[in-house]
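Residue numbers (our numbering), protein chains in the order written: chain A, 1 to 266; chain B, 1 to 570; chain C, 1 to 437.
Among these hints, one or two may not hold up.
Simulated pairs of lysine-lysine, DSBU-like, Cα-Cα distance not exceeding 35 Å [unchecked claim]: (1) K432/C - K67/C; (2) K83/B - K420/B; (3) K89/B - K82/A; (4) K524/B - K258/B; (5) K225/C - K265/A; (6) K3/C - K538/B.
Hints are computed from structural coordinates only; laboratory data are not their basis.
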Amino acid sequence: MSTVTLTPTQVPELYLEADNITPDHFAGKSAEEIAALNVYMGNATYKLGDYFDVEGEAAETAEETKIVVKGDVSRVKYIGMKMSAGEVIVESPADMYMGAWMLGGKMTVNGDVDAFAGLGMTGGELTINGNAGDYLGAAYRGDWRGMQGGTIRVSGDAGSDIGTFMRGGTIIVGGNVDVHVGTHQEGGTIIVKGDAKTRVGGQMVKGEIYVFGDIEVMMPGFQQREDVEIEVDGESGSFALFEGDMGERHPTRKGVTTFGKLYMKY
Amino acid sequence: MAEYLIKNGYVYDPILGINGDKHDVAIKDGKMVDASAVKNAKVIDANGMTVMAGGVDIHAHIAGPKLNIGRNFRPEDKLFNAKPGQGIKHMVAGHSVPTTFKFGYIYANMGYGFAMEAAMPPLYARHTHEEIRDTPIIDEAALPVFGNNWFVLEYLKNHEIENTAAYIAWILRATKGFGIKNVNPGGTEAWAWGMNCSSIHDNVPYFDITPAEIVTGLIEANEYLGLPHSMHVHGNQLGEPGNYKTTLETLALAKGYKPNSKFGRDQVLHQTHLQFHSYGGDSYSSKSFESKSKEVADYINKQDNITFDLGVVTLDDTTTMTADGPFEQHLSHMNHLKWANTDVELETAAGVVPFQYRKNTFIAVAQWAVGLELALYAKDPMKCFLTTDAPNAGPLWRYPRVIKWLMSEQARNEVLDDAKYGEKVRDRCYIGELDREISLYELAAMTRAGTAKALGLGNMFGSLRPGMEGDVVVYPYSPESENPEDIEYAFGNAKYFIKGGEMIINDGEIVSNGNKRTFWVDCKVNENAQVQHDIEEKFKRYYTVGLNNYDVNEKTFLPNPHRIEVDATQ
Amino acid sequence: MGKIVTDVVCPFCGTLCDDLEVKLSDDGKEILEVYNACAIGATKFLHSQASDRLLRPRMQQDDGTWKEVSYDEAVEYTARILADAKKPLMYGWSSTSCEAQEVGAGIGEMVGAVMDNTATVCHGPSLIALQDVGMPSCTLGEIKNRADRVLFWGCNPVHAHPRHMSRYSIFPRGFFTGKGSKSRKVIVVDPRCTDSSKMADVHLQIQQGHDYELLDALRVAFKGKELPDVVAGIPKEKIYEAAETLKSGRFSVIFFGMGVTHSLGKNHNIDEAIAVTRDLNDYTKAAIMPMRGHYNVTGSGQVWGWQFGFPFCLDLSRGFARYNPGETSSNDLLRRDEVDAVFVLGSDPGAHFPISSVKKIAKLPSVCIDPHITPTSAVCKLHVPVAFVGIEVGGCAYRMDNVPIETRKVIDPPEGVLTDEEFLSRVSDRVKELKGV
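With the rest of the complex left out, here is chain A:
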């Protein structure tokens, strides 16, 4: 793998939009060419080189390209947006839209991220070693197709609205989450290892949610079924299985109706 290292040289006055920081955009480019790529702040356009020192060079393909961002990017948005291959490592906290609309490849952030991380993800791996904000792995506004594939792993807590309209893929949150987990979920798997608050699985059609900790208030549309012994993300345990959301529609095939499944660990 060929590595490009970006070191922020100044904190932007407002916020930088860095949708060009992806292996796809860097592939085949020298450090100079990379530094000449655009970044945006409001209605102003700058060069990447105005805000970052660029070292190294990209590989010919995105797949062989690795990007390391070392420094304060707490006011930089959209890193890794739509990346399809390769690797991105962000060494400190970052802003919104980390790995948004990711198609493939691997992105890691060693720090907290703000909202909309992994928005509309269809593939790849997004790892947050820190806390995530709201709308983790959620659908873009109005899109009934949310996250469709790939894996998001957050070591710390996440905010509200995780996995809205989820269709596929996996979200794993190591800590606690805020309200609205898997709202309108129609596939995929959400695992919360800490506590959840309320509105878990609201309007869920299909898919699976696992909560290891407590749920403050259950949705009235969930009905308790049975207890099961299963392994979830490497941890074995007893889980109470609930099905729902009974207020919502559910697909029926050959006489069998499939509900959303909510597993609560004992």
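Position chains B and C relative to chain A; hints supplied.
Same frame as chain A, now just chains B and C:
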């Protein structure tokens, strides 16, 4: 104003009978003139290219509250396709429901100079006109809907044609409308209670009238008034398997009626998006569904007082929006997608639901086939018009692709070969048997000469005859081309487009916003105390807007109005 | 005697009453009386001619005092801060005409602004829910003529939309509702006892913050499935009863307000209420409608919708339209210090935004276009008074059910006071010069 002389192009004009000859085309003072009349013209060399009069679109959903529901409730329809402005162009956005600026540019790029907004709810007319005003370049008009209007239902129940006509004239003036649109007659009033009409002989709840009576009544009222356009109908049972029977029954209602119009149309009934109404079978499954395009086309081919537009499915992700409220709820149940609905007091309703016509399903490709078959079976292209019921069967900017399919059997076969159930479609529909290819001459009829005539605008648009509006388009298409992809490219990328004598597209670039007009029909009728009284009564008791606030103020909302006057006081 | 102007449209709230009558002095220069309006509407008209009304723009000095400036100077300052800013916020737009909104949109496009309106603290969540699940709705006349089950969820129309119940939702004798209020059953869902809940046949005194759960429970009840004993503080028997009431009507309608748009979950509450309405349409006819606040916030959403594609939180900074509340919303932008200039017209964020946002406005180059002296004008650098739309200048406005009505001019504005549209047009011309367009 500049003068223009377009030379060396292949000209197609069914009104003048020019079929591909190299013919000089000249424009002066905003109008078509004889080539000898220009002295100081800017010369446009159209060598190797196709020249036609500006297009006339008879049915598209391009302005009004349904459009804006479609836009505002579909942010995802704009994700990643929003583009910055360029030169004189505003920024644009929207895949299936473009912004108003984008609509203007789409039409210009396709060489269209006039478009009819297919359905305007009278109470919301101001909104329709605001959007029309913000659509650059293209002349537009809008058809208010009448098929579920309380006044119309009550008058027609007692066959009071003169009263119906007086009310219609009043609405045309109040809403600055163009003609009579009739959507799901009776069914949308039934929908106000959650019901529908499943046949033209059903009784509309409370109003005790049938769709058949509404259709014939509106035909009679239309002819009583002598309007430029005929009654324009979206019949009952849209989209339902087996609905071709209802369609034939609806079309049969036109029998015996003769057009009364000084504006040149021959039809008394225009059936819109006929594709959605030509289905056989009793489900969408390939075991049952079948095309009835041949049966329907055969009937229409024998009539001399019916026109229709196609509503071709383009196999895209799109948005449906129609005044057929019950159908939209039904659609939403089928595809489980978001559904917006607005019932409009005393008048109509509308529903909006996103829809994906997937090429790897049987039914979408079968629907695609039906729409094209209707054109390929039509005997007279002056009566058969190209539309996609935009955006219902497909986005507006797909017209060039539809043109490609009509003109190229090879292009059609490519779709069928590429579709997972192509063979099944060949089996259940007629498309596999049809090798006809629409010619450029026929295309000109289907997209400008015929549509202009059917709208009663044949003295202004649809031909290059001296005296017509100076609307001319040069498509970068050579009739000698062997590659169907050239068709799709050319008809969506006009090389030159002159609208009302003003250069809009120069060498492929939009260089002017032109001077668009809003057309409406100002129909004079005898004073009618009964109707006047009924209007005052209903506004006082049932409407929630005052009578004096209902009228669309022309000064505010139509900055450049074009009134067509009709005198129905005989 | 004075003349009476009839069919006047009230420029206050989303009820957009258009039956007001305004009595003028003989010379047509003074408003003497307003008939048919509610107390709020009447006050708007009568107060418009208050003697201490601001008549000229003024700039805030460093020591906090105000100095009068000319409109030309005001245009110059406004055009400069907008043209110089990298990400200006142009907010408000809800108490003005569509004509003014359109000129403003043109400026926003030129300077690459974020345009936002009061939906951002009001019915924005309703718009988000509309985007997620749609909305079965209707015009207010359908309620008047057909509705026999009326549910007010999280709103208090007696106070916020005083004539709503008499013009549309409870008292009118419509075509199919000849018995007026006796034709209708009214349910109010509200944690508080309010003047609206006092009028209801049933008041469900819901546990605050659990509307989403109660709405889900209604959907479960519609399907005849089992419920827990209590949901959101409401015993299940009452939930089944309410479900039955709604299902058994011929036409049920849900009106809702801030009680659900801005309590926990926001758009999800509305989403679930819309789902309830959708489900009801399988049994009977049902509609749902947001009780829009400002008289033309709806219009702002319409204008931006057809010109750009989004109804609020509209980010034009990259030269093409983008939208994502949470990022492009006014309060998030201010909270995060993401904008560098603020322009406010036709609303009062100083009163309605969190104080932390208001403090940010106070620190930035800022303009407030408002006939009144408000908490917003108090923190802005420049305050420009304008004519009152619907009183001193006409213009189109959109009602809460999206019906457009053209407001009227009843009297002239004070001498030399510009309208929103006039001021914005001058700003637009100056911005064109500065940007070299």
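Cross-check of the supplied hints:
Our distance criterion of 35 Å between C-alpha atoms is met by K432/C and K67/C, whose separation comes to about 27 Å. In summary, the hint linking K83/B to K420/B is supported, as the alpha carbons are separated by about 34 Å, within the 35 Å threshold. Proximity of K89/B to K82/A is assessed by CA-CA distance (about 29 Å); at most 35 Å being required, the pair is judged to hold. Annotation: proposed proximity of K524/B to K258/B holds, straight-line Cα distance about 21 Å (limit 35 Å).
For a cut-off of 35 Å, the pair hint linking K225/C to K265/A stands: about 25 Å separates their Cα positions. With a C-alpha separation of about 27 Å, the suggested pairing of K3/C with K538/B holds against the 35 Å cut-off.
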